[in-house]
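Engineer: In the order they appear, the protein sequences are chains A and B. Under this note's numbering, the letters of the first sequence match residues 1 to 142, in that order. Under this note's numbering, the letters of the second sequence match residues 1 to 413, in that order.
It should be emphasised that the hints constitute simulated quantities derived from the structure, not laboratory data. Just so you know, these numbers come straight off a predicted model, no measurement behind them. Honestly, I wouldn't trust all of these hints.
[Stated by the list, open to error] Examples of chain B residues toward chain A, derived with CB under 8 Å:
1. 7
2. 8
3. 12
4. 14
5. 15
6. 177
7. 218
8. 222
9. 225
10. 271
11. 275
12. 278
13. 401
Ideal Cβ positions, reconstructed from N, Cα and C, are used throughout, including at glycine.
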Amino acid sequence: MRFMVIVKANEDTEAGAQPSEEMLNEMGAFNEELAKAGVLLAGEGLHPSSKGARVYFSGDKRTVVDGPFTETKELIAGFWLLEVKSLEEAVEWVKRVPNPTGEESQIEIRQVFTEDDFVNASEEMKDRERQLRAENEARANG
Amino acid sequence: MATDARRAVEAVWRIESARLIAGLARMVRDVGLAEELAQDAMVSALEQWPEHGIPRNPGAWLMTAAKNRAVDLIRRKQNYQRKLEEIGRDTEHDHVADAADRVGEIDDDLLRLVFTACHPVLSTEAQVALTLRMLGGLTTDEIARAFLVPESTVAQRIVRAKKALAKAGVPFEVPAENERDARLSSVLGVIYLIFNEGYSATAGDDWMRPALCEDALRLARVLAGLMPREPEVHGLVALLEIQASRAKARIGPNGEPVLLLDQNRARWDQLLIRRGLAALAKAESLGGAGGPYAVQAAIVACHARARVPEDTDWTRIAGLYEALSLVAPSPIVELNHAVAIGMAFGPEVGLELVDELVGEPALKEYHLLPSVRGDLLAKLGRHAEARVEFERAAGLTRNERERKLLLDRAAAC
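With these hints in hand, go ahead and build the complete structure from the sequences.
Structural biologist: The structure is reproduced here in structure tokens:
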């Protein structure tokens with residue numbers, strides 16, 4: 001099972017504050033632990049939303065709004081992709097994420113959708129979806 | 001609520017068991033005993049955690065519980081005093097030391113455990129069972145289900161394996177330099193065998209047992225973390241990541257196998273492919289491009305890089321099989337070489353090479369020989385002969401799904 005572990009933003013991450021050396025060390029050690037346990041597939045930290053943008057949809061209309069965005073708690077500051085046996089295992093790992101400053105924050109764990117989960121899709125629809133994904137990924141990979 | 005706690009204990013077990021067993025084995029110098037102590041600690045956890053909640057540091061809790069039990073046991077044994085001192089000393093250290101400071105030590109213990117579980121005094125079956133049990137954190141029941149044998153058989157295998165290790169006086173250590181390569185290749189072989197058992201289930205109704213593939217991939221990644229300078233470990237990781245990337249595409253809507261060239265490549269897992277290619281690059285950068293696993297990884301990488309089957313670089317694949325036949329010669333490699341030659345230079349050339357293998361005793365019962373021959377004959381328009389070959393192949397496979405596929409191909413000739 002694949003899970004995305006989402007680190008929520010807070011005022012510091014949104015302000016683009018650099019993590020302290022202590023934080024970097026502890027996170028580095030934790031990432032190494034995840035990798036050594038064979039469960040870490042990928043992980044990245046994100047720049048503050050002030051460097052991002054949103055595209056709003058309404059019918060045919062597309063409206064682009066530049067960051068920053070205000071609902072700090074709903075924003076994402078980074079993620080890990082983990083491959084584990086169960087939600088419980090993902091939870092066990094997330095409980096071990098270091099929190100050296102002791103500040104309040106939250107981390108959300110969400111299972112990654114795979115095509116097997118789309119029960120209502122016909123085989124034909126799934127094929128189209130896969131085709132699009134592959135083209136997408138091929139573009140992303142150059 | 002009790003089920004939740006149980007599942008949580010199982011999750012902790014999966015994360016902690018290998019390190020727990022490895023750490024205990026260093027203390028008691030007996031992996032069999034270490035494993036039993038760890039199991040006992042797990043039972044205590046199952047009794048206590050549902051009531052009191054999961055401790056903040058579950059790994060340390062389990063270790064303390066297991067050590068207390070070890071002290072009880074050793075108290076009853078002759079060399080009580082000396083052993084007790086050893087354990088007491090270790091216990092003190094472990095309590096004060098921070099987990100991060102002990103990473104190197106844990107890695108050493110884990111490596112010793114890997115080499116002990118795959119020790120040559122054990123049969124391959126026993127190595128597989130011990131590795132899954134002690135390093136993969138699988139229960140006897142899970143191993144039994146994965147290999148379609150009764151649980152009692154697996155339990156017996158493990159008991160016998162532990163006895164064999166004790167009887168042979170196998171030391172809990174990483175092998176010395178002079179035998180290290182040979183020992184490492186048997187470790188890699190065990191992990192690859194576990195993966196393959198999941199990837200092409202040799203018997204039964206399922207074509208794949210994905211959980212077993214995931215366990216093997218995880219073990220390979222763990223090993224790469226423990227031995228980052230060994231190119232062949234990265235070669236194995238690369239091979240497994242790329243093969244695993246195709247898992248979904250290998251099964252049709254009704255559970256039937258889909259051959260490589262017929263697979264919908266959009267279903268290949270691009271994340272695993274990228275990881276596999278990175279691991280291959282690592283193996284090569286460490287000077288291991290010619291190792292058997294790295295070469296096999298380079299072959300699967302050729303497929304992974306081809307957006308459509310027509311883009312496959314068969315000439316390169318044929319060359320890689322030739323390289324593989326030098327470092328790991330086998331009739332099966334020859335057969336694959338023939339397939340690649342057939343794809344690169346035409347079915348006549350391929351068939352010529354396959355025909356040379358027909359008398360090969362090692363391939364007498366191997367269903368892929370007639371299957372490949374049937375495929376080449378069909379491409380040459382020799383349908384009647386092809387049909388006979390597909391039927392022969394169907395008669396040889398022990399996998400139901402594959403048999404059906406081969407009979408369908410025979411009928412289509």
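Engineer: With reference to the structure, classify each hint as holding or not holding.
Structural biologist: Consistency of the hints with the structure:
Taking 8 Å as the C-beta cut-off, the interface hint given for residue 7 of chain B holds, the closest approach to chain A being about 5 Å. A hinted interface residue such as residue 8 of chain B counts as satisfied when its beta carbon comes closer than 8 Å to some beta carbon of chain A; here the least separation is about 5 Å, so the hint holds. Taking 8 Å as the C-beta contact cut-off toward chain A, the hint placing residue 12 of chain B at the interface holds, the least distance being around 6 Å. Using the Cβ-Cβ criterion of 8 Å, the hint placing residue 14 of chain B at the interface with chain A is satisfied: the shortest such distance is roughly 6 Å.
About 6 Å separates the beta-carbon of residue 15 of chain B from the nearest beta-carbon of chain A, less than 8 Å, and the hint is met. A hinted interface residue such as residue 177 of chain B counts as satisfied when its beta carbon comes closer than 8 Å to some beta carbon of chain A; here the least separation is about 24 Å, so the hint is violated. Annotation: residue 218 of chain B was flagged as interfacial toward chain A, and the flag holds, the nearest CB pair being 4 Å apart, inside 8 Å. The criterion of a C-beta within 8 Å of any C-beta in chain A is met by residue 222 of chain B, whose closest approach is roughly 5 Å, and the hint holds.
The restraint placing residue 225 of chain B at the interface with chain A holds, with a minimum CB-CB distance near 4 Å, inside the 8 Å limit. At about 6 Å, the closest approach between the beta carbon of residue 271 of chain B and any beta carbon in chain A falls short of 8 Å, and the interface hint on this residue holds. About 7 Å separates the beta-carbon of residue 275 of chain B from the nearest beta-carbon of chain A, less than 8 Å, and the hint is met. Among the interface hints, the one on residue 278 of chain B is violated; its C-beta lies about 11 Å from the nearest C-beta in chain A, farther than the 8 Å criterion.
Hint status for residue 401 of chain B relative to chain A: violated, with the closest Cβ pair at about 18 Å, above 8 Å.
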